[in-house]
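Residue numbers (numbering that gives the first Met the number 0), protein chains in the order written: chain A, 0 to 452; chain B, 0 to 452; chain C, 0 to 452; chain D, 0 to 452.
Simulated from the structure, these hints should not be mistaken for lab results. Among these hints, one or two may not hold up.
Because identical chains share one entry, a pair is satisfied inside a single copy or across any pair of copies.
Claimed, not checked - For lysine to any residue, the following SDA-like pairs were computed, each having C-alpha atoms within a straight-line distance of at most 25 Å:
1. K391 <-> R91
2. K24 <-> Q66
3. K418 <-> E212
4. K93 <-> V355
5. K216 <-> S108
6. K225 <-> E122
7. K383 <-> L51
It should be emphasised that the depicted structure is a prediction, and the values quoted were computed from it without experimental measurement.
4 protein chains.
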Amino acid sequence: MDFPPSAADCISPLDYRFWDPEIAKHLSPRAFLRRQIQTEVALVRAQAARGLCPDKAVSEVTAAAGQITWEEVMIEEDRISHDIQARVNCLRAKVSDETKPFIHRFATSYDIIDTANALLYREAAQDLVYQRLVVLVHTLLDVAEREAATAQIGRTHGQHALPITFGLALAVHASRLNECALNVFENAPKLRGKFSGAVGAYNAASKQLEDPEAFEKEFLALLHLKPAEAGTQIAPPEPLTTLVSSIVEACGVMANIADDMRHLCRSEIGEVSESFAKNQVGSSAMPHKRNPITFENVKSLWYVVKERHGTVLSTMISEHQRDLTNSAAGRFLPEIFAIAAIMAKRLNKAMAGLVVHREAMARNLDTARTSIAAESVYTALAAKGHPNAHEKARQLAVKSREIGQPLMNLILEDEEASKYLADTPIEQLTPTPGIAEHKARSIIAVLRNRYVW
Amino acid sequence: MDFPPSAADCISPLDYRFWDPEIAKHLSPRAFLRRQIQTEVALVRAQAARGLCPDKAVSEVTAAAGQITWEEVMIEEDRISHDIQARVNCLRAKVSDETKPFIHRFATSYDIIDTANALLYREAAQDLVYQRLVVLVHTLLDVAEREAATAQIGRTHGQHALPITFGLALAVHASRLNECALNVFENAPKLRGKFSGAVGAYNAASKQLEDPEAFEKEFLALLHLKPAEAGTQIAPPEPLTTLVSSIVEACGVMANIADDMRHLCRSEIGEVSESFAKNQVGSSAMPHKRNPITFENVKSLWYVVKERHGTVLSTMISEHQRDLTNSAAGRFLPEIFAIAAIMAKRLNKAMAGLVVHREAMARNLDTARTSIAAESVYTALAAKGHPNAHEKARQLAVKSREIGQPLMNLILEDEEASKYLADTPIEQLTPTPGIAEHKARSIIAVLRNRYVW
Amino acid sequence: MDFPPSAADCISPLDYRFWDPEIAKHLSPRAFLRRQIQTEVALVRAQAARGLCPDKAVSEVTAAAGQITWEEVMIEEDRISHDIQARVNCLRAKVSDETKPFIHRFATSYDIIDTANALLYREAAQDLVYQRLVVLVHTLLDVAEREAATAQIGRTHGQHALPITFGLALAVHASRLNECALNVFENAPKLRGKFSGAVGAYNAASKQLEDPEAFEKEFLALLHLKPAEAGTQIAPPEPLTTLVSSIVEACGVMANIADDMRHLCRSEIGEVSESFAKNQVGSSAMPHKRNPITFENVKSLWYVVKERHGTVLSTMISEHQRDLTNSAAGRFLPEIFAIAAIMAKRLNKAMAGLVVHREAMARNLDTARTSIAAESVYTALAAKGHPNAHEKARQLAVKSREIGQPLMNLILEDEEASKYLADTPIEQLTPTPGIAEHKARSIIAVLRNRYVW
Amino acid sequence: MDFPPSAADCISPLDYRFWDPEIAKHLSPRAFLRRQIQTEVALVRAQAARGLCPDKAVSEVTAAAGQITWEEVMIEEDRISHDIQARVNCLRAKVSDETKPFIHRFATSYDIIDTANALLYREAAQDLVYQRLVVLVHTLLDVAEREAATAQIGRTHGQHALPITFGLALAVHASRLNECALNVFENAPKLRGKFSGAVGAYNAASKQLEDPEAFEKEFLALLHLKPAEAGTQIAPPEPLTTLVSSIVEACGVMANIADDMRHLCRSEIGEVSESFAKNQVGSSAMPHKRNPITFENVKSLWYVVKERHGTVLSTMISEHQRDLTNSAAGRFLPEIFAIAAIMAKRLNKAMAGLVVHREAMARNLDTARTSIAAESVYTALAAKGHPNAHEKARQLAVKSREIGQPLMNLILEDEEASKYLADTPIEQLTPTPGIAEHKARSIIAVLRNRYVW
């Protein structure tokens with residue numbers, strides 16, 4: 000087996016440009032080896048708990064587990080061409096002959112691998128992906144709170160619609176992302192371990208144990224796992240598929256946030272921009288130089304992660320008691336967790352430093368008022384029974400724009416309109432952000448209450 | 000707007016070859032119109048409940064709802080080029096002038112559409128997809144119970160591994176599919192309605208109602224829906240995305256079952272076959288003519304439905320308070336529910352009529368015994384401390400095959416082997432299906448208990 | 000078999016909302032039946048040409064082909080449950096007993112189906128998809144020519160960059176789409192027919208013909224097709240996969256055009272808008288009401304068609320001499336051609352009627368000048384050897400914006416800058432659209448010359 | 000920027016388990032840097048050729064190019080946070096002050112990046128992917144030739160159909176793969192470079208050059224590239240998308256081959272197996288232990304690579320003169336080339352060492368004869384005008400199997416059958432492989448003639 004001499008020789012950008020030690024801690028082959036070793040130790044402990052092996056075996060294998068390295072396992076695998084056996088050999092070489100037989104006892108390779116995978120992905124989902132999503136949710140809530148009352152023109156179809164507040168827009172994003180994060184959190188512990196042997200019938204264990212299902216439960220309980228209700232050589236792939244789906248959905252929401260922000264950064268809109276390094280603080284006068292590269296980056300990673308989901312769906316199918324066509328593909332699975340974690344961290348940094356140009360928001364909203372006011376007028380005219388309210392409002396709006404006069408002035412001057420709207424309070428004729436601020440604050444409060452920090 | 004003069008002029012096979020009236024009942028544009036009308040009626044009822052409109056309006060609009068047809072709405076849409084307004088116009092045309100203003104009051108189009116979609120897909124998920132999945136689960140359980148004790152050679156990598164029972168194989172499938180079905184069932188009621196207006200800030204309603212959020216709740220409660228925690232012009236797409244994911248996962252399990260079965264139908268394996276029409280019952284003598292076309296068909300539909308999931312992921316992103324890029328794509332969403340329903344019905348029929356060739360299962364298992372017995376012997380030798388157990392077992396197996404003698408005979412004749420295995424009970428040397436039958440029966444019992452019919 | 004009583008009962012929007020008789024003419028099951036019949040007639044003609052059957056058979060089967068209907072074939076299929084045999088039976092029923100044996104002679108079902116598919120998709124690609132793409136290319140060229148000299152601010156990262164002309168932007172789109180259209184056109188005739196029998200070894204034909212490969216060639220030549228170099232029961236799927244890829248790429252370019260346009264429609268940008276119906280011509284005063292629904296629609300259909308490509312990739316795999324898992328999925332293939340055709344037609348209509356707001360383009364470019372001028376100044380300063388050109392330019396730009404004076408004035412007033420730039424011609428300091436107009440016109444000329452209408 | 004301390008800390012299996020120095024040579028960030036440097040050198044050479052800079056600049060920059068390392072560029076990027084500028088700085092630091100201005104002159108970042116990408120992917124496609132595909136094609140041809148006459152039962156729907164030869168099956172695969180390889184080869188040189196500046200209008204260059212398009216051509220010609228017909232800040236993505244499509248199609252054919260082989264390895268079929276290491280040569284007696292892990296691996300990598308294609312399709316869309324959402328995703332593009340290369344190498348090794356069990360092929364074919372003979376008999380009876388040929392043949396086949404007598408014997412004994420078939424030659428009644436051997440040999444000859452080695 001060859002290895003890249005340096006990051007410069009890697010193929011995946013996850014291993015040079017986007018590499019992150021915290022992600023590697025959870026998702027590297029070294030981390031996976033750690034989970035396998037942990038599983039083997041639990042297997043010996045489960046035997047000891049039943050009196051199937053001496054307690055000495057537990058202490059020996061625990062000590063051995065602390066010494067084993069990925070590198071020595073690779074050397075052994077190179078020698079014997081079998082990854083699981085290589086690991087077992089390395090572990091056995093570090094214990095006494097009496098303890099050797101209790102290592103990997105009753106086990107088929109996938110009893111260890113699938114159980115270790117459950118540990119790996121549960122932890123990666125909860126301690127890496129979920130954690131970063133929650134940090135991002137709270138950043139969104141912080142900005143949302145700060146901007147809860149900042150009026151902004153709402154946009155549908157990219158067109159000015161009705162006012163909202165920028166805080167509401169962000170609170171909505173936070174709410175969506177929070178739901179996704181909760182799904183990740185709740186789906187992670189649904190991963191299942193297994194100890195049902197080569198074809199799921201407990202063939203080997205049943206020859207030496209009266210209640211192999213009970214032993215499976217005891218063993219897995221040491222790892223805080225439950226057994227799958229039923230399986231073959233492998234545990235059913237659905238819980239992992241569902242977990243991945245929830246992570247991918249979280250990525251979709253992050254992409255949506257990134258898209259919204261980068262469009263608000265457009266030169267003509269200019270309502271927000273990404274923050275810049277310290278010595279550039281003064282350059283708010285040249286906002287056109289501030290490319291929304293982090294938001295673009297997050298959107299781009301969405302294109303990457305979305306498709307990887309399809310690979311996971313494909314590997315749901317394994318013939319009979321299993322074929323190996325899920326194996327190579329499964330080795331790429333950590334990438335999905337890694338990309339989600341990268342997206343969350345990058346987006347969090349960009350949102351935490353987001354520069355909000357309130358004057359631009361005010362200006363854009365102001366520009367919008369004339370055209371959108373026509374809708375309030377139309378509504379008010381209709382409420383008063385005007386027979387052709389929409390056309391009347393449209394004519395007034397056209398005139399307002401043509402002669403550059405506020406719509407309200409024209410209404411006062413227009414005999415017919417002023418008759419209909421005489422007793423309509425002015426605020427009924429003015430587009431307002433509805434209950435945007437209130438809604439933003441109540442969402443923020445609800446979400447904040449869900450977490451204890 | 001043009002319409003196909005006959006099924007022969009349709010483009011999608013869902014509308015000619017695979018068309019199914021029960022599916023159309025839940026998922027056609029006619030069904031969607033029904034859900035929209037139902038939503039409009041609920042809106043009037045919610046007003047009446049608050050005293051915002053006379054009770055007469057409720058009875059009028061309810062009567063109107065019963066008379067409206069898809070065809071008249073299409074004619075109106077052709078005239079005015081606006082689908083929602085067309086429906087509103089048709090409804091208003093059937094009520095008195097006093098009632099007209101209460102129809103669609105405060106509403107933006109998507110208040111109705113997203114709410115109607117929640118109704119449509121909740122029902123399609125629960126009453127169509129889930130129902131058919133449950134029927135299939137029970138068919139699988141029936142066959143699993145009948146074959147709970149039918150020994151079969153387990154296969155990994157397509158190679159003979161260790162024995163199981165065919166009932167266990169099917170029970171595992173039933174267990175997996177059942178989990179998916181439950182997910183579909185549980186995800187369906189998480190769909191949310193909305194009545195928060197054009198940009199999610201309750202702009203219009205807040206001008207005339209003090210508590211537009213309370214009104215939203217009352218209105219949606221009439222449809223047994225809850226409002227989304229937060230939204231824009233549209234409800235957050237995640238609940239629907241999650242529901243679709245669970246449906247697609249169910250399709251994956253069905254594809255796995257179909258794949259397993261069609262391989263068991265292979266001429267050389269011949270353990271099962273699809274049933275044939277009555278006058279062909281006797282043709283078990285020509286199994287090669289029995290192509291597993293239903294299983295192939297189910298696998299093929301998996302290729303179709305799996306990819307459509309990607310479209311749903313893409314439409315999670317909608318700019319600002321929404322763009323329309325989810326609209327056309329969303330119209331294709333019923334296809335996913337329809338294909339899942341077709342797969343379930345077809346697979347159910349094939350599994351209900353599955354012909355199990357027990358003699359072939361016995362023959363294949365028997366053929367496997369010699370080679371797989373080597374594993375039991377190896378295990379037993381190792382348990383007794385043989386220094387080179389694997390090689391010893393391999394040599395005996397080679398010899399067994401070469402001279403055509405059962406492995407057991409050779410062991411008795413072999414001085415070394417018989418010494419080591421003298422007090423090993425014969426059943427330890429014989430490959431058995433472990434606890435396959437017991438496991439199958441306990442899975443079946445657990446699953447059966449989950450449903451009350 | 001059940002059929003939808005009306006379009007209101009269809010499942011796919013391709014069969015109600017998006018249905019188009021021209022598309023159905025090329026891609027419906029009726030069209031496919033026509034291609035199969037045409038193939039069967041060619042088979043009889045090929046026999047007659049060799050003297051293997053009387054000429055009478057040709058005239059009889061040609062007459063029969065003209066009478067057969069999709070409806071009668073469906074009735075027959077319902078009776079015998081075999082789609083190809085049903086068609087053969089209907090055809091045979093319309094000819095004399097002497098002619099009957101020559102119909103479908105030597106053929107396996109897929110000799111007819113794959114050959115008919117080659118005809119169907121070749122025609123749909125060339126006469127439907129390609130034609131509509133070419134129409135769209137020419138519309139783009141027309142608008143590009145009209146706007147060849149219309150200066151517009153170029154945008155990268157959504158930020159003002161350097162000037163181009165709107166005509167160049169459109170010419171680039173036309174060039175990309177044209178390449179895709181040419182690929183579609185060139186890939187279509189690479190589809191292959193086949194007449195190599197049930198497993199690709201000409202088993203049946205070789206028993207009665209000395210040179211079955213020659214006969215295959217003669218038969219296919221009558222349909223202007225060539226045989227695949229090698230095949231199984233089916234022709235290799237790659238030519239069709241490649242054709243679909245080129246169609247999907249064309250859709251990607253259309254989505255890019257649609258995306259560009261809908262962003263140019265944004266309220267703050269307002270450089271273009273979709274045209275509206277006649278009685279709305281006057282509403283240019285309320286551009287915010289002009290939602291870019293066609294552009295949004297085209298983008299949305301991209302989300303649909305992109306994923307369907309994955310299904311085609313999946314069905315490239317067929318076990319041994321074929322399994323049937325490509326069959327149901329293959330029936331959905333016409334959807335890709337149909338969606339591409341719909342996108343092309345809709346986008347063409349929107350581009351042909353595109354309203355270009357040149358005053359908005361001029362205004363946006365003008366707004367951009369101050370900030371982007373800094374770049375020209377920076378470049379010029381650097382060319383003259385200024386030691387800190389970028390910072391100098393930045394300071395001038397900041398000042399320009401702060402005091403609201405044109406950058407050029409400040410340069411003249413600034414001692415240091417005016418010293419460095421004394422002999423720099425003013426046009427070197429002014430951002431210009433480079434050779435945008437020239438480039439636009441030369442692209443247009445090249446593309447126009449490629450087609451003879 | 001952090002880097003993984005060891006392969007054990009990488010995330011992507013492409014960088015530990017599947018890492019391959021030959022792949023890294025073509026596709027690593029180090030390789031990409033080399034291509035960028037090569038492009039910068041060409042830019043100086045193009046200036047010198049026009050007399051725009053002294054010849055000394057060429058020799059200086061060429062020398063500098065030979066010294067630059069990826070590591071120093073990374074250190075510089077870490078300092079200034081701009082990847083392209085970092086590279087330019089490192090290069091400039093190695094030349095005289097007179098030469099400095101000619102480096103990167105007129106260029107926008109993507110003039111260099113897109114041009115370097117064209118070099119990188121053209122080379123990776125032709126020198127890595129295509130080369131490995133051709134090696135595999137020739138291995139397939141070698142085995143096909145060896146097995147050209149080896150009769151095998153053809154299989155459709157996994158059911159025994161009619162005989163072929165194993166050589167034909169492989170020749171068909173070779174033919175399909177060869178077409179894909181040729182497409183890769185032909186699509187690679189269609190990649191285009193660019194030197195049209197920041198928005199595709201040659202803005203900067205046009206200020207100092209009279210004919211910037213001619214200069215672009217001269218510059219690119221030094222790299223054996225042509226300019227894109229039209230572009231924005233970036234070259235049109237379609238040529239790269241098409242190239243990727245052809246690579247993905249090649250992967251699909253490889254997956255099909257792998258699938259066929261792993262099914263032929265099934266215990267019950269046993270017609271082929273993967274070769275094993277030397278000390279396992281004797282174990283042919285235990286074929287059940289020979290898992291087709293390489294074939295499974297290749298199929299699994301197909302699941303990985305197929306979906307990555309969707310990412311490439313997504314990045315076809317870039318707003319206006321470009322956004323950056325293709326950037327991060329584009330960094331993952333080398334993975335597709337790498338996975339294709341891995342699949343080709345692994346599959347080639349497995350096919351080169353493929354163990355063909357001719358006795359098993361003969362046995363399976365023999366088993367098939369009884370059932371499939373019924374078809375020949377049916378055909379012959381029909382040809383002689385038997386009124387119910389199919390039923391007659393079926394009855395004889397049933398009887399044949401029931402009493403264990405060859406079908407031919409029964410025909411002779413059966414009064415009715417022998418009457419009809421009296422003068423039918425026996426070979427008409429026997430299933431034969433048609434012209435399988437001839438077809439195999441002619442395909443092999445044609446394919447061999449296409450290459451000069």
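For each hint, the structure was consulted:
1. K391 <-> R91: between (88 Å within a copy, 22 Å between copies)
2. K24 <-> Q66: within (18 Å within a copy, 35 Å between copies)
3. K418 <-> E212: neither (83 Å within a copy, 33 Å between copies)
4. K93 <-> V355: Intra 60 Å, inter 43 Å, cutoff 25 Å: neither.
5. K216 <-> S108: Intra 18 Å, inter 53 Å, cutoff 25 Å: intra-copy only.
6. K225 <-> E122: within (15 Å within a copy, 33 Å between copies)
7. K383 <-> L51: between (87 Å within a copy, 16 Å between copies)
Hint compliance for this structure: hints 3, 4 are broken, all remaining hints hold.
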